[in-house]
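Engineer: Fit chain B to the known structure of chain U by using the hints.
Now for the letters of each chain:
2 protein chains.
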Amino acid sequence: MKAEIIAVGSELLTPDRLDTNSLFLTEELNTIGIEVLRKTVVGDDRDLLAEAFRDALNRVPLIISCGGLGPTEDDLTRETVADLLGRKLRRNDEILRYIEGRFRSLGREMPEVNVRQAMVPEGAEILENSRGTAPGLWLEDGGRALVLLPGPPRELKPLFREQVLPRLERRASGVRMHSRELRVTGLGESHVEQRILPIYKRFPEVKTTILAAPGETQIHLRFWTEDGAHAKKILDEIVQGFEIALADRIFSQDGRALEEVVAEQLTLNNATIAAAESCTGGLLAQRLTSIAGSSSYFLGGVVCYSNELKTAWADVPAEMIAAKGAVSPEVAVALAEGIRRRVGSTLGVGITGIAGPGGGSDEKPVGTVHVAISHAGGIKERGARFPGDRESIRWQASQIALDLVRVHFLYNSQNAAISSAKRG
Amino acid sequence: MKAEIIAVGSELLTPDRLDTNSLFLTEELNTIGIEVLRKTVVGDDRDLLAEAFRDALNRVPLIISCGGLGPTEDDLTRETVADLLGRKLRRNDEILRYIEGRFRSLGREMPEVNVRQAMVPEGAEILENSRGTAPGLWLEDGGRALVLLPGPPRELKPLFREQVLPRLERRASGVRMHSRELRVTGLGESHVEQRILPIYKRFPEVKTTILAAPGETQIHLRFWTEDGAHAKKILDEIVQGFEIALADRIFSQDGRALEEVVAEQLTLNNATIAAAESCTGGLLAQRLTSIAGSSSYFLGGVVCYSNELKTAWADVPAEMIAAKGAVSPEVAVALAEGIRRRVGSTLGVGITGIAGPGGGSDEKPVGTVHVAISHAGGIKERGARFPGDRESIRWQASQIALDLVRVHFLYNSQNAAISSAKRG
Chain U
1 MKAEIIAVGS
11 ELLTPDRLDT
21 NSLFLTEELN
31 TIGIEVLRKT
41 VVGDDRDLLA
51 EAFRDALNRV
61 PLIISCGGLG
71 PTEDDLTRET
81 VADLLGRKLR
91 RNDEILRYIE
101 GRFRSLGREM
111 PEVNVRQAMV
121 PEGAEILENS
131 RGTAPGLWLE
141 DGGRALVLLP
151 GPPRELKPLF
161 REQVLPRLER
171 RASGVRMHSR
181 ELRVTGLGES
191 HVEQRILPIY
201 KRFPEVKTTI
211 LAAPGETQIH
221 LRFWTEDGAH
231 AKKILDEIVQ
241 GFEIALADRI
251 FSQDGRALEE
261 VVAEQLTLNN
271 ATIAAAESCT
281 GGLLAQRLTS
291 IAGSSSYFLG
301 GVVCYSNELK
311 TAWADVPAEM
321 IAAKGAVSPE
331 VAVALAEGIR
341 RRVGSTLGVG
351 ITGIAGPGGG
361 SDEKPVGTVH
371 VAISHAGGIK
381 ERGARFPGDR
391 ESIRWQASQI
401 ALDLVRVHFL
411 YNSQNAAISS
421 AKRG
Chain B
1001 MKAEIIAVGS
1011 ELLTPDRLDT
1021 NSLFLTEELN
1031 TIGIEVLRKT
1041 VVGDDRDLLA
1051 EAFRDALNRV
1061 PLIISCGGLG
1071 PTEDDLTRET
1081 VADLLGRKLR
1091 RNDEILRYIE
1101 GRFRSLGREM
1111 PEVNVRQAMV
1121 PEGAEILENS
1131 RGTAPGLWLE
1141 DGGRALVLLP
1151 GPPRELKPLF
1161 REQVLPRLER
1171 RASGVRMHSR
1181 ELRVTGLGES
1191 HVEQRILPIY
1201 KRFPEVKTTI
1211 LAAPGETQIH
1221 LRFWTEDGAH
1231 AKKILDEIVQ
1241 GFEIALADRI
1251 FSQDGRALEE
1261 VVAEQLTLNN
1271 ATIAAAESCT
1281 GGLLAQRLTS
1291 IAGSSSYFLG
1301 GVVCYSNELK
1311 TAWADVPAEM
1321 IAAKGAVSPE
1331 VAVALAEGIR
1341 RRVGSTLGVG
1351 ITGIAGPGGG
1361 SDEKPVGTVH
1371 VAISHAGGIK
1381 ERGARFPGDR
1391 ESIRWQASQI
1401 ALDLVRVHFL
1411 YNSQNAAISS
1421 AKRG
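Residue numbers (the working numbering), protein chains in the order written: chain U, 1 to 424; chain B, 1001 to 1424.
So here's chain U without its partners, still in its complex pose (with noise of 0.2 Å):
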């Protein structure tokens, strides 16, 4: 089934307020199988509001509606909806003497406007509202189901799950949408599709859709069908040929961030992490600790700005600087080896970098960033030259150090499961 949503207010008009109920309601509707066509945000108007419910009426066999409920003038919905549907408005006796016990649990008696909101169309079923005056209604017509839902997200929640759901349940077919999303990071996203297009290619059934984030690409799979073991066979197969086509560059299958990937990793090696940062100024640190329980893998971190700082806090020997540079591959390396060695931990990550407006020479323009990882076993690391602004090439150098530390483990255990094959 398909569905279109309409929130209605003047003040999702505004540059204040956005329209966050349809992210809940998408959401919902997904679950049991119902996708959303269309959002339209429409003010408080009475003909732009019937034209945007008439459009979606010719549209689509449901329409769910958010807003304009409220006692006050400027709230239309039930109005235009009767309008619209040939419907006339009664009086809901009930519905008032609930407004009214409300209104004197507070201690107050209910203001004359109030009475708008115990207004019915002829034929709508009324869906209890616990948390607010204004009920929910719900409308059929000609086989399509009109629901009018209150518009503060606190009234609208619970009301949608407890009432709307269960009835939509019923009506809603045996299709349900299926979905995957993968996650890549250090190809774009016109690399990525190259990739794997000849694989989602044969697969006109699943909807793929292929986004740019900072320093990341996300492919997302769709498919709704009836038949779940059908659905996994095939996202499965999909998923498996991008495994090939992309092979170390997925780094999360679930959602999760590379920053999570890497605290899940870091925790199952009883590994321990340290950083010296220059140009990403405590980002990386900042981004290791934002998850619950980091204590325990991240030791410490310096945001070593000044020269002399690198030397003092990571013991990068100022001639190295000096012939190097600050922004150099060497400096990145003893960055990663100097904070390893003076916290003890069993990673070092160093990170030095240009990441502008100013600083920027034509042998090390803006977004020159090198970024090493330092272990027991050796170091590794890995230059770039990134596009954007200060804050774009901040997070994709974070993201480079995340995944040299990534890829790192990932060989690691591999190479660990085939050294306990061969000793097996």
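No wet-lab data here; the hints were simulated from the structure. Check each hint, because a few of them may be wrong.
[Claimed, not checked] Covered stretches of chain B (in silico footprint by chain U; criterion: 3 or more residues with CB under 8 Å from a CB of chain U, positions within the stretch not fixed):
(1) 1036–1044
(2) 1068–1082
(3) 1108–1121
(4) 1209–1222
(5) 1279–1289
(6) 1296–1304
(7) 1349–1358
Backbone N, C-alpha and C define an ideal beta-carbon position, used for all residues, glycine too.
Structural biologist: What follows is chain B alone, placed relative to chain U:
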């Protein structure tokens, strides 16, 4: 003038992504007197996309779309709009060369798919995109304008400001939105409301909105009028009232973030800063260094998660940690003083606390934070118990730290002004 915004992309109809570009666009359009009548989100489907554009063209003289200009098969905005207006798509060799050049400057070859981004409907004006491969497009049709923008906010925003806004300004009417934004820290939404309600109630023609943001409260004032001088007079009067009611809790009147305000103070005062962070894990350093040119005032910082590193890197006496606990006013002060001495900066900041979800106790529950600053003239310490999750607690702790620095300079420079007035 009235406008509609169409956000294109199937990912915006999933529970993963919300269209946030429309907030930015609405704000920018409002400032030049253009009102947004409707926002529509539609997926990557040619028919539905065509319908959305067709309907909007029937309603308003200006349509702004974002998204669907990427290089992949599901990027359909160019083709759909060209079809709808009966225009042919032609390859623009200048754009093609630009895209190839972008890839070349990153040392890569342009993937074949990117040729799509050089396809342009006949009669379209090209809006150069300095941050990405897809240019924006401006089309005119029977007195109506269609503006097609790329989806990524970091490309869309500068492109809109630099190239779309000046073109729209020439077309728009005399009514403008005149606005002010005040940012407040250390006072919650309802306390701000209580203090300023008597002031803004006297000006019903000005729309006042109070918004809660993490660690701060924002007040927006908006006044739609043709009379700029009158708007300025009224808004000045309201802001003066707010300044009396909120005193030094207002940190910004121009939309700047707290770290930007502090960065300017440090620069103006020729001061330097260093940080020793525990629970914020580098967040303070990261915020201080997020600003271009931060190397002139930020010397360095340490993230000392373990107690040993608090002693090794910031000279916090081990006995003090044992006696008072790592999360204590004493340790916050010792961190601030230790890092200032070590680094030789004008100011030192120390942060210690329990960000959770684990690690809390009855005496020191999750959310307990101590922050201190140290300078030649003395120390200042502030303790707090924040509600919220790990991310929110860490953010609020970094806000307090920045606010301590801000207030230090506020009264320091006032004192300097007073003493120079005495001398004068």
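Engineer: Hints first: check each against the structure and report whether it holds.
Structural biologist: Cross-check of the supplied hints:
Counting residues of the segment 1036–1044 of chain B whose CB falls under 8 Å from any CB of chain U gives 9; the rule of at least 3 is met. Given a C-beta distance limit of less than 8 Å, the hint that chain U covers the segment 1068–1082 of chain B holds, as 5 residues qualify and 3 suffice. Figure legend: the segment 1108–1121 of chain B, annotated as covered by chain U; annotation consistent (4 residues with Cβ-Cβ distances under 8 Å, at least 3 required). Beta-carbon proximity to chain U at under 8 Å applies to 4 residues in the segment 1209–1222 of chain B; the threshold of 3 is reached and the given coverage holds.
Closer than 8 Å: that is the beta-carbon criterion, and the segment 1279–1289 of chain B has 9 residues meeting it against chain U, so the requirement of 3 holds. For the segment 1296–1304 of chain B, the stated coverage by chain U holds: 7 residues have a C-beta nearer than 8 Å to a C-beta of that chain, and at least 3 were required. A stretch counts as covered by a chain when three or more of its residues have a beta carbon under 8 Å from one of that chain; for the segment 1349–1358 of chain B and chain U the count is 3, and the coverage holds.
When the structure is compared with the earlier hints, no violation turns up for any of them.
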